[in-house]
Amino acid sequence: MKLASLEYLEEVKKRSNADPQYLELAKGNNESYTLVLEPEPAQGVHERIVIGFNNVDGKMNEVWIGERPTLFTLSAPYGVWVDILRGKMGATKAITMRKLKTQGPFLQLLQGANRIIRWVEILTTIPTEFEGNYAQYNLPGK
Amino acid sequence: MKAVVVRGIQQFEVADVPMPEPAAGEVLIRVGYCGICGSDMEAYHTGMYAPGLIVGHEFAGVIAQVGPDVADWRPGDRVVVNDAVPCGECRPCRDGRLDACESLYMIGVTHDGAMAEYCVAPVRGLHRLPDGVGLRRGALVEPLSVALHGVHRSRLKPGDRALVMGAGPIGLLTLQCALVAGARMVAVTEVDPTRAALAQKLGAAVVLDPTRDNVVVNLSALTDGQGPDVIYVCTGAPQPYRDAISLVRKGGQIFVLGLCVEPVEADFMSVAMGDLCIEGSLAGRAQFAAAIDFVAQGRVDVESLITHEIALDDAVEKGFKLLDTPNSGAVKVLVRIGGELTADR
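Chains as they are written, first to last, in the numbering used here: chain A, 1 to 142; chain B, 1001 to 1345.
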């Protein structure tokens, strides 16, 4: 399924909420997030993609496409997100190195590093289609 | 004479005080209008002005009397006063950084101010008001000079994109100055609907309400994903200071014009990683004459900022207390004291 599509987000929610390790790490988390995938026309990615979700006591509650005010907003060029999902760049490293531009209480975000790492591991199990030239890195899923 | 006097935290009162006398190098000014500034509000909340002080530094009036040794000025001259007069002798002054003077003489801050029927001012701070600029608009020259100085000092270049955080009087004037300076797009963040509408009217490309809009997403769309080149923080609230660091583009500048009394925790690693510049300025001494010209030429609309004109007797109840009320619709509250005084009064 296409990265950041509603179908993809619903799958993320389903798999995250079914993962005991993730749920243990996310327990008590009530944060909301916006993720921005910036276009890269040179790579064939022409549209900005904006998605969001919130957690209620650690479970992904609602997922959406589009803009809402959220506690955190993480933005980066499309290729950075692809690199994270391919395992070429760690998510927390991307955050600390500001490859992912972060708006929101930074320390609070870093305190959830283990949860984020597990969450990305879950994402990599989803069959994922990337846009433009990044299609060569599509994930087969597990 | 009547004046607004500091008595303590949230304790300002209109009181009878002795008439001041101009000393050598000073003039006595009959005040026409005096505005309530954001810094006066900070003082109202925090007590940062000394008890007994007469407040007020945004004003215009007519010279009533000149002190000994004063040449070039005479009774009847219509004036605005640069409220921040440097000593000219300390290290910053000698380095040419007059606004950073260590002994800044500030009318209405370190010395008695102009929310009164009369005030004294050093002639070094006087500027003539040109014909065609009334005392009402003249009272907004001082805040305009602050905004103009900020934009002048910032790295904004023609064609740049800017964000103004906070659409109070300084934010609204900064918005206009940035546009005059050649910004191709200026966005504004503001939660108060009256101020947001005014920002839109005065040329903001977009006005974002952080409680309703995702500012990152919207700015990203307006700046090709880069973020603004310069962000002017013009508010006393702490959150925008934190947010600015992650909103500005890499290599961009955050310019602080607001006064946030409480310390702000901020992500300084992003400052280093983003090669950011953070600067600030307080007063507008160097741009005071330019600010007068901008008002006279109509290049900056100061009139639209005046939402309330009140009498001196009502300065506390209908001025300070009004501005202390969230979403009151107040932007610039002007205290009318002598009004548009004619030269022969």
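A hint or two may mislead.
As a list, the in silico DSS-like pairs of lysine-lysine whose alpha-carbon atoms are at most 30 Å apart [said to hold, decoys possible]:
id, chain 1, residue 1, chain 2, residue 2
1, A, K13, A, K2
2, B, K1201, A, K93
3, B, K1318, A, K88
4, A, K99, B, K1201
Partial chain A-side listing against chain B, Cβ under 10 Å, derived [stated by the list, open to error]:
id, residue
5, T34
6, A42
7, H46
8, V50
9, E67
10, G90
11, T92
12, P140
13, G141
What the hints contain is simulated information worked out from the structure, not anything from laboratory work.
Ideal Cβ positions, reconstructed from N, Cα and C, are used throughout, including at glycine.
inquiry  = Interface hint check: A:T34, Cβ to nearest Cβ on chain B, cutoff 10 Å. Holds or violated?
reply    = Holds, about 5 Å.
task = May I ask you to test the interface hint for A:V50 with respect to chain B, counting a Cβ-Cβ separation under 10 Å as satisfied?
result = holds, 5 Å
Given hint A:A42 near chain B, where the shortest CB pair must fall under 10 Å = At 13 Å from the nearest chain B Cβ, A:A42 fails the 10 Å test, so the hint is violated.
ask   = If you take the shortest Cβ to Cβ gap from A:P140 to chain B, is it below 10 Å?
value = Violated. Min distance 30 Å.
message = So, as I understand it, the hint says A:H46 touches chain B; can you test that by seeing if any CB pair is closer than 10 Å?
response = violated, 12 Å
request  = Below or equal to 30 Å on CA atoms is what counts here, so check B:K1201 against A:K93.
outcome  = Outside the cut-off at roughly 43 Å; violated.
query = Between B:K1318 and A:K88, is the straight-line Cα distance small enough, at 30 Å or below?
reply = violated, 61 Å
query = Close enough to count: is the Cβ of A:E67 nearer than 10 Å to one in chain B?
reply = holds, 4 Å
Straight-line alpha-carbon gap A:K13 to A:K2, limit 30 Å = Holds, at roughly 15 Å.
query = Are A:K99 and B:K1201 close enough, with their CA atoms no more than 30 Å apart?
reply = With Cα atoms ~37 Å apart, A:K99 and B:K1201 exceed 30 Å; violated.
key: Interface hint outcome for A:G141 [beta carbon to chain B under 10 Å]   = violated, 29 Å
key: Hint check: 10 Å Cβ-Cβ cutoff, A:G90 to chain B   = violated, 16 Å
The earlier numbered hints that this structure contradicts are 2, 3, 4, 6, 7, 10, 11, 12 and 13.
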